[in-house]
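**Student:** Chain by chain, the residues run as shown.
There are 2 protein chains.
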Amino acid sequence: MTSFVEWDFLTEFVEKAFMAYGIPEADAKICADVLLQSDKKGIESHGVNRFKPIYIDRIKDGIQNPVTEFEIVRETPTTAVVDGHDGMGQVIAHRSMQMAIDKAKKYGMGMVAVRNSTHFGIAGYYTDMAADAGCIGMAGTNARPSIAPTFSVQNKLGTNPLTVSFPTDEAFPFSLDCATSIIQRGKIELYEREGKDTPAGTVIAHDGSVMTDSPTILKALQSGEAALAPLGGIGEDLSGYKGYGYATIVEVLSSALQQGNFLSMLSGIGESGEKIKFHLGHFFIAIDTEAFMGLESFKKTTGDIMRELRAAEKAPGAERIYTAGEKEYLIWQKRQKTGLPVSEPVQKELIAIRDDAGLTDYRFPFEQ
Amino acid sequence: MTSFVEWDFLTEFVEKAFMAYGIPEADAKICADVLLQSDKKGIESHGVNRFKPIYIDRIKDGIQNPVTEFEIVRETPTTAVVDGHDGMGQVIAHRSMQMAIDKAKKYGMGMVAVRNSTHFGIAGYYTDMAADAGCIGMAGTNARPSIAPTFSVQNKLGTNPLTVSFPTDEAFPFSLDCATSIIQRGKIELYEREGKDTPAGTVIAHDGSVMTDSPTILKALQSGEAALAPLGGIGEDLSGYKGYGYATIVEVLSSALQQGNFLSMLSGIGESGEKIKFHLGHFFIAIDTEAFMGLESFKKTTGDIMRELRAAEKAPGAERIYTAGEKEYLIWQKRQKTGLPVSEPVQKELIAIRDDAGLTDYRFPFEQ
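Here the protein sequences line up with chains B and A, keeping their order.
Following my numbering, the numbering of the first sequence begins with 1 at its first residue and continues without gaps.
Following my numbering, the numbering of the second sequence begins with 1001 at its first residue and continues without gaps.
Chain B with its partners taken away, still in its complex shape (with noise of 0.2 Å):
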């Protein structure tokens, strides 16, 4: 049965848990901020459900450094370019975010480009680091290939998110943070985790057939048996030529200006079968509204779009017209009240993880 867990208390053991596989306190509040933002927002795909896969699996496998060295190799007023050495992504990406907007306050615009990192967790938390800051925040990452080319049938891009995220004069900014893939993989491992299907359309089997099982196109994601189609969809009749070219250009600014790896090299899987480092890449952009017509301007006008799309006449049945970051507030108004929904699965690995980590202190709700 899903169980209801307060957000003090969840935060407050994510951190120690984090702290507990060796990552500085200071990051570890980093982590468990942006794995938990990815919860309050609805995003469970990025939530707390990867805590162990994708954060403490991988720090055990040592494919992944929990002490986090952040080297800046280079570096101009507006610019920047950063190894991670394998640290913790969202430490690499909270730095490089605000070394971005950092530049942008002074200079109008920052960017930073980031070489060998991990999964950084949901791009939106550093696109709305900047919204928040009065800038425009840009992001985005390469990953492991998942998405196969138009008219082809092999993962070679990553899901690559590009997000963007805009201040508006509303409670809460614009924030579209999107896979440039149809759906990406940690939706299907949250389909996995709940017995459901995969939408058909929305993955290319290797002969071309439709695969709809959530298990086995994980693991023909995997094998590269089957590939996810891009935005779009597969082939060319409702343009899936351009979710193909949004992926490629995350790929390029997460790889080129940094001299980082892409595409292929991108797998963790090494010769032997062994699992390796992912030597990720990111992209972080700010852009100052200051630097143009000013912060209030840019709010009201931003604003001022978001309330007539809504405002925009519904089709026939729909019952609302939403904007990007609305749902996700909308979300976070509910669970602030009732604390984060954690599914059976996902109870078992966090007591499995407060076990291994010997956090003997802690209980949860749904152990009583």
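Watch out, some of these pointers could steer you wrong.
Said to hold, decoys possible - Under the rule of at most 20 Å between Cα atoms (straight-line distance), these lysine-lysine pairs were calculated in the PhoX-like manner:
#1 B/Lys40 / B/Lys337
#2 B/Lys106 / A/Lys1105
#3 A/Lys1040 / A/Lys1327
#4 A/Lys1052 / A/Lys1348
#5 A/Lys1106 / B/Lys105
#6 B/Lys106 / A/Lys1106
#7 A/Lys1348 / A/Lys1060
#8 B/Lys52 / B/Lys16
#9 B/Lys334 / B/Lys40
In short, the hints are calculated from the structure, not lab data.
Put chain A on the given structure of chain B with help from the hints.
**Tutor:** For chain A alone, coordinates are given in the frame of chain B:
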């Protein structure tokens, strides 16, 4: 019958024709180059077929000024806000991207936000300028309301291209120049001209029904009785909210930084049904690869990514995998020898412009 026209002849004619309608010679050369670049790349939807309806007619209707007043409203080392005073969009855009490139060359990054502009042709022209200069180029523009938000049937957003070019070590740059709808208005105009239907699923009728008749769609888009679906399609099943989100990003970047017009303000139709100025907004970003790990290394990595993508395993029945900008390059390889194939309706328009402009010295091959 389709007739082929030599590039030198066509270029000179288009320049002289623009000049005949009051555009200064240097500006006319830019306008002609942008217009024909589209035809050279095979993007007929934005080439000479738009010479009369989008440029000449609008100048004659008094909703676009042939002489461009380029006012810099605000400027910092990396950024600028420009007011185009409803001059020629190509001239405004060309000068704005050049400013962004110059800023990037000096400070690493540059961005110019434009208001009160007019149709600037293909966005890829300007991002390719950046790539030719060794920079990453990004550009976009808002436009007449065409795309309906997800769960709406009302055209609110323009077809809002989100366009990016990268320099590569190949014979042509990476260049993704596409609307954030599945299909754009220019393509439907081309279908109409060729007597073809528009593919199902790309247009949302007001009552939710399917529309495919191209002339009916164009009228319905104008009257608000139909709207284009965002990339990803109608509803959320195949992630249409992502295309809707990207269209919104372009709308904001084209208006909020420059205190410009947006959404329904851009209809081009006044209260009494008269034609009024569009007051479009654009944005141009240049990022100098030399401010990171250098141009040569950037070109090499980007080229390697393109080659690996093209070498991916092909889908059953597929002949070839392309990267963005490749098809356009291949078309130009052919057309530079053959000249431009001009269809009969466009032939008639060119003759009408010639006669109207009094350019009696020019005789087209299809008149012989």
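**Student:** Just pull the numbers of the violated hints for me, sorted ascending.
**Tutor:** none
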